[in-house]
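> Those protein sequence lines, which keep their order, are chains A and B.
Just so you know, we're using my numbering here: the first sequence kicks off at 1 and counts up by one.
Just so you know, we're using my numbering here: the second sequence kicks off at 1 and counts up by one.
Keep in mind that a hint or two might mislead.
Stated by the list, open to error - Below are the DSS-like pairs computed for lysine-lysine, each with C-alpha atoms no more than 25 Å apart in a straight line:
1) A:Lys45 - B:Lys7
2) A:Lys42 - B:Lys7
3) B:Lys7 - B:Lys65
4) A:Lys79 - A:Lys42
5) A:Lys2 - A:Lys45
6) A:Lys79 - A:Lys45
Hints are computed from structural coordinates only; laboratory data are not their basis.
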Amino acid sequence: RKEVEQDPGPFNVPEGATVAFNCTYSNSASQSFFWYRQDCRKEPKLLMSVYSSGNEDGRFTAQLNRASQYISLLIRDSKLSDSATYLCVVAGYSSASKIIFGSGTRLSIRP
Amino acid sequence: SAVISQKPSRDICQRGTSLTIQCQVDSQVTMMFWYRQQPGQSLTLIATANQGSEATYESGFVIDKFPISRPNLTFSTLTVSNMSPEDSSIYLCSVDGTGGPYEQYFGPGTRLTVT
Chain A
1 RKEVEQDPGP FNVPEGATVA FNCTYSNSAS QSFFWYRQDC RKEPKLLMSV
51 YSSGNEDGRF TAQLNRASQY ISLLIRDSKL SDSATYLCVV AGYSSASKII
101 FGSGTRLSIR P
Chain B
1 SAVISQKPSR DICQRGTSLT IQCQVDSQVT MMFWYRQQPG QSLTLIATAN
51 QGSEATYESG FVIDKFPISR PNLTFSTLTV SNMSPEDSSI YLCSVDGTGG
101 PYEQYFGPGT RLTVT
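All chains should be modelled from the sequences, with the hints used to inform the complete structure.
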């Protein structure tokens, strides 16, 4: 089993729709969780951290479910500019070397 | 967040040769990281570069193949040695963000093609 697993997609949704992705992780000792966004042929960029209590940033909501070992990202009122690959990142061992990137979920927003 | 630049942005190299990738940060940082992203894949950490000490390599990566220098707090290089087509990849450097050691900010990457 991979340490971090994501549905690769692609998710193809119309503009204005709500879309959600999940990401599962295998190590229950993981402490820190993030969502990154990667545009085609660009570097990944931090989208948001995922806190135990969940967090919201505008149209984006991230949640953590420790019992089931997954994190989620919800995008409301999707825009064309949201089209990208969304990478789930899990970390929290004793050193930064234990940052694990998921393989990403591709999202395509159509007009 | 720090501004990170990489050189070269892309290169096409012949097998058996070596390429050194430079990473420059606009502020002093303790730790710099080198990642590889193979076509269609996610990122894999190659090593962590600390100023004044040997780089720490992840499983599957060795110093002879990927020597790293970290001469000061704003600069690092990664060399891909004795290249083969399997080394064709995007190589990215990153630094920690202000939010903690796991928030990573990446350079634009170096796209390497080995023929």
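> If a hint holds in the structure, say so; if it doesn't, say that too.
Against the structure, the hints come out as follows:
1. Restraint check for A:Lys45 and B:Lys7: satisfied, since their Cα atoms lie roughly 19 Å apart, inside the 25 Å limit.
2. Between the alpha carbons of A:Lys42 and B:Lys7 the distance comes to roughly 15 Å, so the proposed pair stays at or under 25 Å and holds.
3. Under the criterion of a C-alpha separation no larger than 25 Å, the hint pairing B:Lys7 with B:Lys65 is consistent with the structure, at around 19 Å.
4. Restraint check for A:Lys79 and A:Lys42: satisfied, since their Cα atoms lie roughly 19 Å apart, inside the 25 Å limit.
5. The straight-line distance between the Cα atoms of A:Lys2 and A:Lys45 is roughly 23 Å, inside the 25 Å bound, and the hint therefore holds.
6. Restraint check for A:Lys79 and A:Lys45: satisfied, since their Cα atoms lie roughly 18 Å apart, inside the 25 Å limit.
Taken one by one, the earlier hints all hold for this structure without exception.
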